[in-house]
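Protein chains in written order, with this note's numbering: chain A, 1 to 310; chain S, 1001 to 1317.
Derived by calculation from the structure, the hints in this document are not laboratory data. Cβ coordinates follow ideal geometry from the N, Cα and C atoms, glycine included. Please note: incorrect hints may appear among the correct ones.
What the hints assert, rightly or not - Distance condition first, Cα-Cα at most 30 Å in a straight line; then the derived BS3-like pairs of lysine-lysine:
hint : chain 1 : residue 1 : chain 2 : residue 2
1    : A       : Lys28     : S       : Lys1042
2    : A       : Lys16     : A       : Lys142
3    : S       : Lys1142   : A       : Lys52
Stated by the list, open to error - From chain S, some residues computed to sit far from chain A (all C-beta separations above 12 Å):
hint : residue
4    : Asn1109
5    : Lys1228
6    : Asn1309
In case you want the letters, here they are:
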Amino acid sequence: MIDIIIPAYNAHETIKNTLLSICLQTMKEKIKVYIIDDCSDKDYSEEIKLFKQSINIEQYKTTKNSGPGIARQVGLDNSQGKYIIFMDSDDLFVDCFSVENLYKNLEETENDIAIGYVIQEDYEHNLKNELKEGSLHGKMFKRAIIDQYQLQFNDTSNHEDLAFYLLYLLATDKAIFIENNIYFYRYNPNSITQTDSCHYHFNTYGLYVKNMCWVFENAETRNFNELEIAKDVFYSLVISYCRYLENYFNEDVNRILKEANNLYKYYLKYKQFLTEEIEFELYNCVELNFIPPISLRDFIYLIDKHNYND
Amino acid sequence: MIDIIIPAYNAHKTIEQTLCSIAYQYIADKLNVYIVNDDSDKDYNEFVNFFSNFITIKELKLEKNSGPGVARQYGIDNSKSDYIIFMDSDDCFADIFSAKILYDAITENDYDVVIGSIAEETDDGFIIHDGSEVWLHGKIYKREYLKNNDIRFTDTYYDEDNAFNSLLFLGNPKKKIIYDKIYLWRKNYTSLTNKNNGQDKINAFTDYIENITWSLEKAIERNYDYHKIAKLAYYALLFIYYSYLIYYQLPVGEKLIAKSKKLKKITEEYKLNEEEQLEAMKIEFEIVYRTNDNRYLLNPFTSFDNFLNMIDEAGEE
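Just chain A, same shape as in the assembly:
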């Protein structure tokens, strides 16, 4: 009744520990694990053979290497459990109650998503725990919501998890936050999302915009709450503003303005739903540790002007 979906690309070494941490769960009898092999060099039969005595586990395969989004979708399409947890093939549950804690907070309440703490390891092996709003980690989803609103993953190679998560939260606002550490996001030098952060953010900003637009588009066709969409739109501009500041001295910085223009279109449409208080609150979610050379207002103005010049 609880499906754990793990997209895996050449993760044979690390996934064994992921599976071990599932094996540890107090609720393991009620868990079914789906490894979605995203066309790795070899399949996961060995790992499955190793664990099949302890946990209910099977593998599916993508037709071509398509990134974690599509792999997760294959997992969703081939599973039936009432609840869904997404894990990455190099991460682990923190303790034996991780799944039980998530489960109890959905099964015994009216909530549609349970959100726990994620312990994150950086490249120097420092650890910190936080509620990671932007990812799928440390959360439990309800299949009923995914089915009802036909939520899907898209095929972009980055931020597709954020897009799915945001769309899910637009579909339902019944979220419960759990005090416990649930998920350990292990540092993996080979992982695609953990390469040099600034550079990486700059290069993936285009994908971020693409995914946010995908969220707004999908939210619109499903008639999700306009104020909630408006908040996400404004917040995506705040994030863009941060990327702009980070790359302020980069000669390529105008690329950000150009990309941000796609978000700006939604802003024009949705700003009627926002108040100054809401905008202020969203702006305050980011912590700047320097005095910005331009303000958020100026930035939004620049996007508009940039558009004009094109």
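Keeping the supplied structure of chain A fixed, place chain S upon it in accordance with the hints.
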């Protein structure tokens, strides 16, 4: 490196989770696991085979069933890493960092023992035991200290952990208390320590008295700190008194009194002052009151002084 020693008697149903919680540790590469098979009906090969994929693990076998104390001692005698952690075959590490936290703490300042917190699972949630010197759970020991101070397990079936720790802490090791949850004491109603029938209660209490007396006698032999000895002996006697109040209807009552003679003699030689005695009564009462059916305690049918007299008057065993 750290040796993790797990005495196991027919623990095939529960030990998988114990071993999982070890094998997925953040510092799994620093851990050696020893399952000490206390003459179980079958061996632990399947577990050794599976978990060797993740961790160094070995099964040691006892020729005849000898209880967890002997099994742990056998584990110590047949392993050699600098540090030792004891686990029971039905419990778990609290989370993925438990071993790392213990290891970091004990190596930070060359401690002899580090005491972490235990989360005891009950029907009404968890009871957290901070800084407990009673159980082996949630602690890491330096092998060199155990060896140099001849700290060993006794061969009783119950409470051998208490004897081990009592002697250890009477010897004044360099210790550190940390408040991270390290050990998850899972509820398991079939385990040795949770049995509730009469004969087991008797065995548990007589073993308790035997063990605590053993560790006090050893401590006296070794000229350990007078005050520490006095304190432990007095607290033990109080604990037995309260147990007597609760279980006097069972045959255990008489047995408790007969067994306590040596312990009482120790409290006469190693005395706490009156103020400390009152303090001890208060603390021990609160502990017993909190964890037991307490109607016997509020209006005791016999006083502590009477109880001591009864010990004096009781015949030799």
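>> Hint by hint, where does the structure go against what was stated? Just the numbers, ascending.
In response: 3
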